[in-house]
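Residue strings, one per chain:
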Amino acid sequence: MNLFRAEDIAIRFGGIRAVDAVSFDVQPGEVFSIIGPNGAGKTTIFNLISRIYTPTSGRLIFQDKDITNVPPHRIAGLGIARTFQNIELFANATLLQNLLIGRHCHSTVGVLSELVFTPVVRREELKHREKAEEVIAFLGLERYRDTLIANLPYGVRKVVELGRALCIEPKLLLLDEPSSGLNVEETEGMGFWIEDIKKDLGVTVIMVEHDMNLVRMVSDRVMALNYGKVIALGTPDEVQSHPEVVRAYIGGEA
Amino acid sequence: MRYLFKTDYRQDLTIWRHRGDLFWYGLLCIALLAIPFVLGEFYVGELGGVFIFAVAGVGMMLLAGYTGLISLGNAAFLGIGAYTNSILLAHGVPLLISLPASGLFTGLFGIAIGLPTLRMSGLYLAIATLAFGSIVGTVFQKWDAVTGGFDGFPVPEPYIFGIPIQSATGVYYLSLAVLVIVLWLSANLLRTPLGRAMVAIRDSEISAQSMGIHLARYKTFAFAISAFITGLAGALFAHYVRFLAPDAFDVLLSVQFVTIVFVGGLGSLHGVIYGALFVRLLPQFIAIIRDELPFGIGRMPGLEPSLFGLVLVLVILFEPGGIYGRWIKIKHWFQAYPLKRRSSFRRQKSYARSERLR
Chain A
256 MNLFRAEDIA IRFGGIRAVD AVSFDVQPGE VFSIIGPNGA GKTTIFNLIS RIYTPTSGRL
316 IFQDKDITNV PPHRIAGLGI ARTFQNIELF ANATLLQNLL IGRHCHSTVG VLSELVFTPV
376 VRREELKHRE KAEEVIAFLG LERYRDTLIA NLPYGVRKVV ELGRALCIEP KLLLLDEPSS
436 GLNVEETEGM GFWIEDIKKD LGVTVIMVEH DMNLVRMVSD RVMALNYGKV IALGTPDEVQ
496 SHPEVVRAYI GGEA
Chain X
64 MRYLFKTDYR QDLTIWRHRG DLFWYGLLCI ALLAIPFVLG EFYVGELGGV FIFAVAGVGM
124 MLLAGYTGLI SLGNAAFLGI GAYTNSILLA HGVPLLISLP ASGLFTGLFG IAIGLPTLRM
184 SGLYLAIATL AFGSIVGTVF QKWDAVTGGF DGFPVPEPYI FGIPIQSATG VYYLSLAVLV
244 IVLWLSANLL RTPLGRAMVA IRDSEISAQS MGIHLARYKT FAFAISAFIT GLAGALFAHY
304 VRFLAPDAFD VLLSVQFVTI VFVGGLGSLH GVIYGALFVR LLPQFIAIIR DELPFGIGRM
364 PGLEPSLFGL VLVLVILFEP GGIYGRWIKI KHWFQAYPLK RRSSFRRQKS YARSERLR
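Read top to bottom, the protein sequences are chains A and X. Position one of the first sequence corresponds to residue 256 (our numbering), numbered consecutively onward. Position one of the second sequence corresponds to residue 64 (our numbering), numbered consecutively onward.
Hints are not guaranteed to be accurate.
Simulated crosslink set (SDA-like; lysine to any residue; CA at most 25 angstroms straight-line) [said to hold, decoys possible]:
| # | chain 1 | residue 1 | chain 2 | residue 2 |
| --- | --- | --- | --- | --- |
| 1 | A | Lys382 | X | Lys69 |
| 2 | X | Lys69 | A | Pro374 |
| 3 | A | Lys382 | X | Arg73 |
| 4 | A | Lys386 | X | Ala250 |
| 5 | X | Lys69 | A | Glu379 |
Keep in mind the hints are simulated off the structure, nothing from the lab.
With the hints as constraints, model all of the structure from the sequences given.
Structure below.
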């Protein structure tokens, strides 16, 4: 049984076919990477899965449930979390508050009880807090707990965004270029975290990534895209030596 | 400098950071309760006005400071609250019912303005709310069967348990009570998922959505709670001015609310109080020094609005944290003395954000 399946998804922006009849499936517990040159449609696929875009055609299946028409704010509640290529944290809130916002989809209290802060709200807050602390401990972010995001260095913010996604307690985690803007060491650190997330937390990961070292380090399978079409799918080594992939990146006859 | 050693998650859920806070706020409360026995009626009345504007400022702060939605129509909410309260009182409804009722009624208007403006943000939202404000202002003028039109509407004297509260002292205590309740509700709001969702929408709508936050619902809620609180302030305002004139609730008043939020400090409830003090006391200050000013500046028309505008621009340029932000910096300077560094409050440059989707 697969955890997630995309069936012939396509989206057009005007005359541009950003994603064109792409099908793939993701098995539970694997790290599935999507690679491709700039503009190949990688991030667009993420935006389709997180329902920011609606596909022109095709279906998205998550845990045997059709999520093609689920509204975007319900996606997190289903267990799909994502990060963003250029970091979309809440910059004027502390790290802890950011992680607690990640807990939003698990909140069950009503407006009126929140206004008067009933004991139920207090209990739930403590539960959220405990989960956020678990994530902080998991990612080793203790020393930044009460720092404003705006005051954190870039590399740490990348990890915070990962943490915020983990607070959703996702079954499927979408990582949009986790290594972009990181140096070699930080990228390797990110790789270890992705492995930990897969092995210790049992979370399935779909990752868009340019850094082939990171892709080779963590991926079970890789899909290569070019101009919105799948050009190769297989193990990292198979895909990397695939003639179509080499042509897409380097150009010319290969 | 006080270092807080946290040993329990519950410490983060309290409104007070530590016992010292409780002590100082308690002292402030006692001082505020004692003021009418010490100061003259003029000062008590002015402070009552500060409280009323602080209540309205909280309404504005939740909307603009925490959810990031700028409204130039909050004076209309104030007006709706004021007229609702006065009309209900005139029909014999007791104040303890008419006060919350005018808040709730204004809250409905908040929802009504929130829903159609959901897709707007920034300047467009400001323009839409500005239009709303001027429509409501026109209704106040033209619907004289209900509002009395330009003849005005005398506000009936209200009673709580048989005690009349039209006097400056009565308004003072009533406004203080409402302000404390509103601050308590807002502080509660801000430490729950709801308040965090508002902050999330302010900082990044796209990722708020991916965290499971229903944008439309929370934006509408922000408008509703803002209108509710501003409506309460309006009901109090009616007793403060005692006579409602339709042209009192114009754009300049809305701009004053925006000024409260910006000058006080965006994103802090403390800032609302500082902002309200500034906005209410600046005109008094001008009145005092008016005759001392050279070249007849003091008698120039439009001196007050232009000073407000000037201060607003200067604050946005030089101290985006407002009065509260400056206070934090001063406090830090003393706490860290002599180790304060120039870079302590310098933020890192923000990096390119994701391309705006849609």
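| message | Tell me the numbers of any earlier hints that the structure contravenes, in ascending order. | response | none
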